[in-house]
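Novice: Please put together the full structure from these sequences, using the hints given.
Residue numbers for the sequence shown follow this note's numbering, beginning at 39 and rising by one.
For the record, the hints were derived by calculation from the structure and aren't laboratory data.
Just so you know, these numbers come straight off a predicted model, no measurement behind them.
Check the hints yourself; a few may be wrong.
As the list claims (entries may be wrong) - Calculated cross-link-like contacts (lysine-lysine; reagent style BS3-like; alpha-carbon spacing at most 25 Å):
#1 373 <-> 169
#2 855 <-> 809
#3 673 <-> 809
#4 169 <-> 226
#5 447 <-> 459
#6 46 <-> 64
#7 620 <-> 809
#8 715 <-> 673
#9 447 <-> 376
#10 376 <-> 527
#11 373 <-> 447
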Amino acid sequence: MAEPFLIKMPQLSDTMSEGTIVSWEKAIGDFVSRGTVVATVETDKAIMDVEVFREGYLSGPLAPLGAAIAVGTPIAALVGESAAVTDTHAAAPAAAQTATPAAIEAPRGQAILMPQLSDTMAEGTLVSWEKAIGDFISRGTVVATVETDKAIMDVEVFREGYLSGPQANAGQVVPVGQPIAFLVADAKEVTQGALVPSAPVAAKATPAPFAPVPSGSVQAKTRAPAMPHGATPAPRPRKGAATPYARQLAGAHGIDINSLAAGTGPGGCITGADVAGAGGGPRVQAKRIFQVPGAGRPMDSMEKAVSQNMEYSLSMPLFRVTVHVDPARLGRAAKDLKVSLTVLLAAAAARAIERHPRVNAVYQHEDRIVERTQIDVGLAVETEGMGLVVPVLRNVVARSVDELNAQWKDLVARARLKRLKPEEYSNPTFTISNMGMLGVAQFDAIPVPGTSAIFAIASTQPHGMPVTMTADHRIVNGAEAAKFLNTFKGLIEDPAWLFAPAGPAAAARSAQTATTRAERPSSGALPADTSGYDCDVLVIGGGPGGEDCARELVDHGRRVIMVNDAPFPGGECLWRGCIPSKAWRAAADRIRDRRHDADLGVVNTAEPALDWSRLDVMRKRVLTTRGEMALKTDKGVRIDVREGFAYFDSDHSAVIVPVEGADPYERRAPQSGAPGKRVTFASAVIATGAPPFVPPIPGADGPGVLTSDTVWNLEGPPGRLVVVGAGAIGLEMAQIFIDFGCEVTVLEARDRVLPEVEVEVATQLAALLAKEARLSVVTSARVQGIEGTPGSVTVRYTLGADACLAQADYVLLATGKRPVTEPLALARAGVAADRGVITVNEHCQTSVPHIFAVGDVVGGYMLAHTAGHQGRVAAQTLLGHEAAYDERKDSGVIFTRPQAAFVGLSAEQARVQGLDPVEIKVPFSIDAKAMITGETAGFIKMVADRATRRIVGVHFLADHADTLIGSAVLMVSAGLTLEQVGSAIHPHPTQTELFGDLARRLLARLRRTARATS
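Specialist: As structure tokens, then:
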């Protein structure tokens, strides 16, 4: 951009006249892409995001934090080059006046400008005026419709007044940002007349008669487009520099900018001429334009979009594969179900993609692959005057055929009226072009930008219906394409999958749950006859993963042996993890909460005292009671529970040996040399958990060093404690012990705490921890050694180049957990593992299809609820149902104060998944209940997909996140939309109301940005 683009204070509500700068989300000098949130501003009762819909580098003058800025006044600027960035935080300059084009004699009042209704829109054609000159216009009134690309869209006005001329005529093309009419405050000020274009229109010239041009004559080259639709600028070169236009041109035409020699610009800078091959000879095989003689007419917006997409597609290395399919049975199924054959073709293609997910991936410049799990199928439709339009059926696999058919009818009807919204015809992950309906016997199609493959379906012939797949060879190889086509062929010729019985599981699938179920056989299903084995399924491990799996299986009549290395079930979670730590946390919370009693008028409670022995008695009572209840339930549902340790001696047999000791609170080991009992099984599930990981630090095995296994043996809170590790366990224990009166130092090797949670959650929690009395958190600290005995332990660590010491009574190693699978003898069963972690697929199957593994032993989120869910996935797969664990919908709570919690994806994770995320947050400092209880620290952040408006993630820093997160889990797991959550009735006064507020605010922002994205 030649001149800086001013980022102005937006009007985020009809009543907003100014906003207060709350935070800058980007720093001066950061590169800002379209749709990026650069700042947050506070207005009325909400803190809202400021999005920018241009690209460039953030530059000063930057409005200071806390400054109240009038709507329309600049708060920062964007510049085209990093060298042009101004590093100043002075108050922003006064608002620049928007010049009215010289050719327009502007009346009094407010100009109604041509809005930018999509990122690619540069101009719009006025289709109709919905209001007449002189009509009174209220806020939110649609005054006109305009055509851009493939859609006719409304122009809304958010001011009041009388519609006045000069007015653009129907059919007139108006650039984005130019007036199309005016609003005046008084009816007497209304004027008539047509709007004069901003540049004089030359008289239409009579085309010169065509004159043949001799072959080989030198012709001037046309200007290559800088950014065909769907392209992105090439990354900056690894060495040297390139102009923005050169990067745009290279990205648009798939040219590796690093392959160019030094450019012809100043200092060797690569210019657009270098990329195009001009100025001293071509450096790459640059695009050459053939100049056609004669006078051509301008393309309309639809023709331009198609031309640019096809030009971009030329950069793909394409290949084609064809099969012939008999569609007769699918056609009969369509009639029986009273649905469109087109919809069934889309459903079959999506299910084939589900089995061959590589087809759903796409190449990303440069040398990256975006792997997408949601399958969105575009289907070409013929329209009058607009050629083929491609409405998109979203998330096809997760929806019923009836639902897809109803949506398809609506999309087709509106496509033919030119009333589709951009999100309804944009960004498919796979496309089908069915020209067989037009009688075409053979053709192939070209994948559109953003996809890797397309089907060309021709008319049925004696040897079948030709289906030709054109694919991007960078993503899909020939063998994968052949397998994919044959899977599609099988689904078309045997459509039994359409008539699978529906039930609660099918409903769960249509609601986009993480676990999907359909009553169809799976390769991991138990055989019909298991009478030759001692049990149908051997479950090794009695924690949440093993126990949930076993209960699900016996509930369906299966014979299960569950081997547990303790007297009672419960595993790590019950005996040494989640439950005992929450007993300590509850006591610590009682102490911490007394600090705020006086604010509520409750006095004389500020000095509580801890009775350690009574706390320990309560902890053990809860654990034992829960363990006894679990064992009684397991035996009552007819699980054959056996105490011991099991290891494999083949892929269908294991040996159960006794274990040392009898204390359920201690981790137990198999008895050395003890005789065992051999059992045979049809299938097995490994759920043996993972012990604490002790890093190879000198002295880490000393008597003054504790782990999450042994910390429960303390006879009382130590006076001083060093915690190594600032993950979930480390921070929970650190805060518990400071509430118990200890002085705690946390040493973390990484540069931030809680790497498993969203960045802003971790950053704000770290800032709160820094204010805690008796707590010191040191990041980027490398522990070198531990010396001493209980009561006098020294920890040596480095901080950069500095050597440091920390003194304590004990050291707690909170450095995570790692599976120990060597005792299982996995090799005898053929089960593959990578450094102790058992390798599984989304169905929790190992490398041996009838042996499964769940929970901590497979890595990933080492959480009790994750293990339980995976146990149920394994059970469902064994029962012949399709089920899968989807990490993108998992959740977790870290019980610090305030609590850090998450469900689903962060915005960064969503982008990696190929989504276009938008996010919004609300601080608890504006919540009345939080004010009452003195719990105003933290926030809730909601992440949604811009295209579908489905909520894909919710992130918390909140004192009661554990009670709030349940609602968020349902939102993400069920794939609820912002509209659904925003329209739900949340009770008042509760903090669950914030979910509805967030959803409605984000919907309002999306509507605003869809109307005006300049």
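Novice: Give a verdict on every hint.
Specialist: Checked hints:
Pair hint residue 373 plus residue 169 does not hold up; C-alpha atoms about 46 Å apart against a cutoff of 25 Å. A threshold of 25 Å between alpha carbons decides the hint, and for residue 855 with residue 809 the separation of about 29 Å lies outside it, so the pair is violated. With a C-alpha separation of about 50 Å, the suggested pairing of residue 673 with residue 809 is violated against the 25 Å cut-off. Distance restraint check for residue 169 and residue 226: the Cα-Cα separation of roughly 17 Å lies within the 25 Å cut-off, and the hinted pair is therefore satisfied.
Our distance criterion of 25 Å between C-alpha atoms is met by residue 447 and residue 459, whose separation comes to about 15 Å. For the hint pairing residue 46 with residue 64, the CA-to-CA distance comes to about 15 Å; that is within 25 Å, so the pair holds. The hinted pair formed by residue 620 and residue 809 meets the criterion: a straight-line CA distance of about 23 Å does not exceed 25 Å. About 20 Å separates the Cα atoms of residue 715 and residue 673, which keeps this hinted pair within 25 Å; it holds.
Of the supplied pair hints, the one linking residue 447 and residue 376 holds, its CA atoms being roughly 12 Å apart against a limit of 25 Å. The suggested pairing of residue 376 with residue 527 holds, with an alpha-carbon distance near 22 Å, which does not exceed 25 Å. Restraint check for residue 373 and residue 447: the C-alpha separation of about 16 Å stays at or below 25 Å, so the hint holds.
In terms of the numbered hints stated before, the structure departs from hints 1, 2 and 3, listed from lowest to highest.
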